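Colleague: From just these sequences and the hints, can you work out the full model?
Heads up: the sequence lines are chains R and E, in that order.
Residue numbering for the first sequence is 1410 to 1587, as defined by this note's numbering.
Residue numbering for the second sequence is 1410 to 1587, as defined by this note's numbering.
In case anyone wonders, no lab produced these hints; they're calculated from the structure.
It should be emphasised that the depicted structure is a prediction, and the values quoted were computed from it without experimental measurement.
One or more hints might be untrue.
Since the list can't tell identical chains apart, any single copy or any two copies may satisfy a pair.
Unchecked claim - Straight-line distance between alpha carbons at most 16 Å, and here's what the computed EDC-like set of lysine to aspartate or glutamate pairs gives:
(1) Lys1524 to Asp1444
(2) Lys1512 to Glu1480
(3) Lys1427 to Glu1560
(4) Lys1562 to Glu1537
(5) Lys1427 to Glu1556
(6) Lys1515 to Glu1537
(7) Lys1581 to Glu1443
(8) Lys1487 to Asp1465
Protein chains: 2
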Amino acid sequence: MRKLILYISCSLDGFIAKPGDDLSFLSMVQKEGEDYGYSGFVKTVDTVIVGRRTYDWVVGQGYNFPHSDKESYILTRKEIPAQGNLRFYNGDIKTLVNNLKRKRGKNIFCDGDAKVVNELLKHNLIDEIILSIVPILLGSGIRLFKEQQIEKKLTFISSKAYETGLVQLHYKRINSKK
Amino acid sequence: MRKLILYISCSLDGFIAKPGDDLSFLSMVQKEGEDYGYSGFVKTVDTVIVGRRTYDWVVGQGYNFPHSDKESYILTRKEIPAQGNLRFYNGDIKTLVNNLKRKRGKNIFCDGDAKVVNELLKHNLIDEIILSIVPILLGSGIRLFKEQQIEKKLTFISSKAYETGLVQLHYKRINSKK
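Modeller: Here you go:
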């Protein structure tokens, strides 16, 4: 079965952005020729789930949406017609993910935002977490992990430390297939 | 100069305890003969700073305070007379730490709790962080890192993954002496 994988970075104190969706802290780990396994990872996925906030941020910054070659679901409360591979989805997240997992294909990538991540966690839909920890304490901003009424043990797969001080941790859900 | 070192563990989502000061999740990484470097670490310190909440919890569980062989400062708002090596301190935390750092001796160990950790971080008094990440999402409880008006870049020193899935991350404050 296809897996849903969260691939994301945060500060040591667990923030994915400073207030105002400020991602400038990521520049401290930017290094020519080092993508922390990202290009290899995206080859293993063909479907992307992303929150509207992240999508709007990317487009608002003047970037092209980076996953337009993939089947992409942008989670939103509004009804918005599809644009090519981009589907704006305002239905039940559990139904979406379970339907996607039943289809054939490569893995599914959750590219944020925190709201979507926490919805997925709440429904126990995330199979693997690849978390890159940036060596900084941000102090405030958007927390990756909100308070939840869940407790989930994870199976540790691997960790890798990079020269820039970024540490990438890889876990899978207990009982999820490797 | 002596360093103040935070040596602590938390869940992947950044909680040091479940609600009700419940530390039972730590049992998932308990393993005969594996102390994750703790006994080596405590030999490098001769002074301990700990919050009253942690102290009360330890004593309330029927344990002896584990650092009674060291110069220990239990931070509290109340005036309580010293008991042997245990000093109950209700003064300014910055003054205490700066005075301790000016004295000769081994390093200083901050053994929690979250309140003390965040006070120390706020005043930029922590020189090194040794954080053991337990492979679990707790979902709720006491967060290690509170919201702060600080941002601090760290220098990554090392990481080590253990067979139990615990990953220990070691950072130092930028500009702090190794």
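Colleague: Now tell me if each hint is right for this structure.
Modeller: Hint by hint, here is what the structure shows:
Neither within a single protomer nor between protomers do Lys1524 and Asp1444 lie at most 16 Å apart by alpha-carbon distance, with minima of 25 Å and 37 Å respectively. In this homomeric assembly, Lys1512 and Glu1480 come within 16 Å of each other (Cα to Cα) only inside a single copy, at 12 Å, whereas the closest approach across copies is 62 Å. Taking CA atoms no more than 16 Å apart as the test, Lys1427 paired with Glu1560 passes between copies only; the shortest distance there is 10 Å, against 26 Å inside one copy. Within a single copy, Lys1562 and Glu1537 get their C-alpha atoms as close as 12 Å, which meets the 16 Å cut-off; across copies the closest is 28 Å, which misses it.
In this assembly of identical chains, Lys1427 and Glu1556 lie within 16 Å of each other by CA distance solely across copies; the values are 11 Å between and 18 Å within a copy. Taking CA atoms no more than 16 Å apart as the test, Lys1515 paired with Glu1537 passes inside one copy only; the shortest distance there is 14 Å, against 42 Å between copies. Taking the closest pair of Cα atoms, Lys1581 and Glu1443 never come within 16 Å of each other, the shortest separation being 24 Å inside a single copy and 23 Å across copies. In the homo-oligomer, the alpha carbons of Lys1487 and Asp1465 lie at most 16 Å apart inside one protomer (13 Å), although the nearest pairing across protomers, at 51 Å, exceeds that limit.
In summary, the numbered hints that this structure violates are 1, 7.
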